[in-house]
Amino acid sequence: MRVTQKILFNDFMRDVNKNRGEMGRIQSDLSSGKEVRVASQDPVSFQRSRIIEDNIRKEEQYQSNISSGLRQGRLAQESLDETIDRLVDIKRLMVQGASDSSDAKIRTNMADEVGEIRDSLVQTLNVSYGDRYLFAGTNSGEKPFDYDAGAPGGVENTSNGTAPKILVADGMSLDFSISGEELTDTDTGDLFVVLSDIEEALRNNDSGAVNTMLSDIDGVIEHVTDKTSKLGSNITRLEHMFEQYESSKIIQKADVSSLVDTDFAQAFSDLQRTQVAYESAMAVHSKMFSNTLLNYL
Amino acid sequence: MKTLFEISRSGLKAAERSLSTTSNNLINADTPGYSRQRVNQEPAGMRFSDRAAGLGVNMTGISRLRNEMADIQLNDKRQNMGYMQEKAKVFEQMEAFMATDSGHDLDLQISKLFDSFSELSSDPQDNSVRNNLVVEAEQLTDKFGDMSRNLDKTSDLVRESVHTNVQRVNKLIDELASLNKPIVQGGSADKPDHHSLDLRVKKLEELSELINFESQVQDNGKLELRVNGIQILDGENAMDIKSEVDDVNKVYRLRLDNGKIVDPNGGKLGADIEMYEQEVPEMKQRLDAVAETLVTRFNELHLQGYGLEDGTQRNFFNPTNVSASSIELNDVIKNNHQHIAASSVEGEAGNGDIAAGIANIRNENLISGRKVTDYAVDLISKPGENLSNVRAQMEARDSEIQMLKTQQERESGVNIDEELSLMIKYQNAYQGAAKAMQAAQQMYDTLLSIVR
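Chains A and B, in that order, are what the protein sequence lines are. The C-terminal residue of the first sequence carries number 303 in the working numbering, and the numbering is unbroken. The C-terminal residue of the second sequence carries number 467 in the working numbering, and the numbering is unbroken.
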């Protein structure tokens with residue numbers, strides 16, 4: 007078989023180029039820390055990693071929604087706790103007012119106090135987070151509760167029945183507050199109407215009416231407590247979902263990493279192997295090409 | 016005795032001719048297309064009445080060693096290689112602007128817009144959320160425009176490349192045609208023109224990278240070339256290829272002088288035409304499909320909702336511009352972010368139902384039964400996917416070519432050591448012949464001295 011210098015040279019060049027290409031690849035794998043940087047390096051892994059990354063971003067957004075919901079929900083919860091406290095205060099006043107030891111003057115004072123509590127409840131329930139009134143339902147651009155002598159109970163309610171909600175998962179939303187309408191609509195009638203009735207009964211020094219209305223205020227307290235615990239369970243759910251996303255994020259990030267990140271141990275051993283091949287190609291080449299008949303002529 | 020001079024003279028001449036052939040081989044050891052040559056020698060002799068005697072050496076010609084079969088196979092592989100190299104080049108360009116290692120690609124922009132709507136649905140009254148949403152939406156439309164422009168540019172570059180390659184093909188065919196004359200003449204005179212034959216090999220090699228062809232060599236050495244059955248070269252008669260471009264419908268036709276249409280499907284030319292007519296427009300079409308789907312679906316939902324300021328229902332994107340190159344936000348929304356419709360009921364500031372619905376588009380199987388972002392990921396990785404396929408094929412083809420080249424090299428390649436040793440051999444032969452002549456000379460001198 008004839009072996010010409012050109013055959014040797016071509017084979018050498020081809021092998022050396024291959025080795026250099028391989029070393030270049032390993033070098034950028036190592037320096038960038040990523041094995042798959044563009045689609046052509048591994049189309050399947052690239053696509054999978056991009057789709058998982060999209061999902062991670064989506065879930066991170068849900069997490070951000072949830073934390074915003076949690077901040078608002080906790081604020082609403084605080085206001086509700088406050089409301090319950092105030093309602094209990096009213097009940098205590100009523101128990102005193104219903105007893106025969108109280109006289110008309112004391113009852114008038116009590117009526118004033120109930121009025122003040124009602125006013126402070128209006129303030130409490132007008133709580134806002136940023137531009138959003140938390141108890142206004144979805145009509146949260148305006149204050150839900152306002153004094154209006156003409157309205158039943160002396161308080162006008164512009165809230166609607168739809169509680170504000172946040173997007174927490176694909177096609178799934180959770181309420182993070184109670185709408186004002188739902189909150190005030192107790193079994194014993196409108197919350198503010200009940201309060202104004204109580205105030206009136208006290209002002210009228212009507213201990214019998216105050217006595218019968220004790221069950222009304224109980225109903226109101228129970229209603230508000232109910233709603234608070236409903237909100238509480240939503241908040242727990244949000245917290246739980248947040249944690250779930252957190253752990254799913256870790257798993258998904260690990261998936262992406264295993265798809266596109268460099269296996270350093272593998273890369274280093276590949277580098278070692280290629281370098282040996284490269285160096286021996288160089289060595290053998292210089293040896294081979296000094297072998298010529300010319301040296302002996 | 017006179018024959019002694021004849022014999023040594025033929026020996027000197029043969030050695031000299033052989034030496035010059037060998038030197039020529041040595042000098043051309045690295046010349047592309049060169050085939051090594053050998054001097055053919057035959058013993059010369061004569062029959063006398065009492066004996067048959069040798070009368071030196073006869074040179075019958077110079078032969079050229081080449082494996083024609085390997086050439087044909089090589090050219091076939093080369094056109095395929097050229098085809099794939101060109102495709103790989105264009106796919107590389109496309110990948111560079113469609114899927115980057117920074118990750119700031121179409122899929123990211125789309126999902127960021129969805130995220131913005133997801134955030135808006137949870138916080139419909141927050142102005143900064145709205146501002147951010149518009150920024151993301153504009154970045155997305157910019158991305159579409161950018162990709163679309165880059166695809167157009169690729170299309171232009173490919174078109175230019177077809178044009179240049181057509182010119183190169185024309186030039187090569189002309190050169191091959193002019194080579195035909197000396198080859199046919201030499202062939203018929205039984206003195207083959209090795210130089211022109213080697214040049215022909217080289218030109219065919221160059222041509223095979225550009226276009227696929229079938230070559231046929233007649234007995235007298237005349238070369239004919241056909242591209243998919245259409246003749247482009249017949250002896251000294253070369254057809255000129257002319258380009259006919261329809262840039263609107265992306266059609267590139269190659270027409271010959273005689274009106275026939277050549278349709279190459281190999282070589283760089285075949286690859287470029289395929290990229291120009293199919294691959295690039297297809298990418299653009301898919302990109303447009305994403306843009307159109309987004310415009311249509313976003314508007315469909317957005318039109319059902321209300322902004323913060325009034326009861327007017329608006330489009331989110333400009334509904335008349337649905338292609339990737341022209342997609343843009345509705346001007347009214349761009350100028351007043353309050354008009355982004357998050358609410359499903361007029362006047363409800365805290366209602367984010369529509370925004371939630373738009374955010375949920377990401378889960379809808381809208382394009383070819385796939386989600387928009389999945390489709391976008393598929394789209395941007397398509398050039399890379401093709402590239403990796405082509406590269407794998409190229410690697411296989413490259414080793415085939417290398418093997419055939421080695422085969423050819425074994426036959427026609429110049430081995431320097433071999434030529435050097437031949438050189439010594441011919442030098443010795445020359446010295447031997449000279450010695451024989453010297454001996455004859457001395458014999459004559461001896462004879463003459465008797466007379467003197």
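Calculated directly from the structure, the hints in this document are not laboratory data. Honestly, I wouldn't trust all of these hints.
[Claimed, not checked] Restricting the straight-line Cα-Cα distance to at most 25 Å, the calculated cross-link-like pairs of lysine to any residue (SDA-like) are:
1) A/LYS149 / A/ASP176
2) A/LYS24 / B/THR421
3) B/LYS92 / A/VAL9
4) B/LYS299 / A/ARG43
5) A/LYS236 / A/GLY167
6) B/LYS420 / A/ARG77
7) A/LYS259 / A/LYS24
8) A/LYS40 / A/MET19
9) A/LYS12 / B/LYS299
[Claimed, not checked] Sample of chain B residues lacking proximity to chain A, with all beta carbon distances greater than 12 Å (derived):
10) MET74
11) GLN231
12) VAL260
13) GLN293
14) THR327
15) LYS397
Glycine residues also receive a C-beta, built at the ideal position from the N, C-alpha and C atoms.
A quick look at each hint next to the structure:
| no. | hint | result |
| --- | --- | --- |
| 1 | A/LYS149 / A/ASP176 | violated, 31 Å |
| 2 | A/LYS24 / B/THR421 | holds, 18 Å |
| 3 | B/LYS92 / A/VAL9 | holds, 23 Å |
| 4 | B/LYS299 / A/ARG43 | holds, 23 Å |
| 5 | A/LYS236 / A/GLY167 | holds, 15 Å |
| 6 | B/LYS420 / A/ARG77 | violated, 74 Å |
| 7 | A/LYS259 / A/LYS24 | violated, 34 Å |
| 8 | A/LYS40 / A/MET19 | violated, 29 Å |
| 9 | A/LYS12 / B/LYS299 | violated, 46 Å |
| 10 | MET74 | holds, 24 Å |
| 11 | GLN231 | holds, 29 Å |
| 12 | VAL260 | holds, 29 Å |
| 13 | GLN293 | holds, 19 Å |
| 14 | THR327 | holds, 17 Å |
| 15 | LYS397 | violated, 8 Å |
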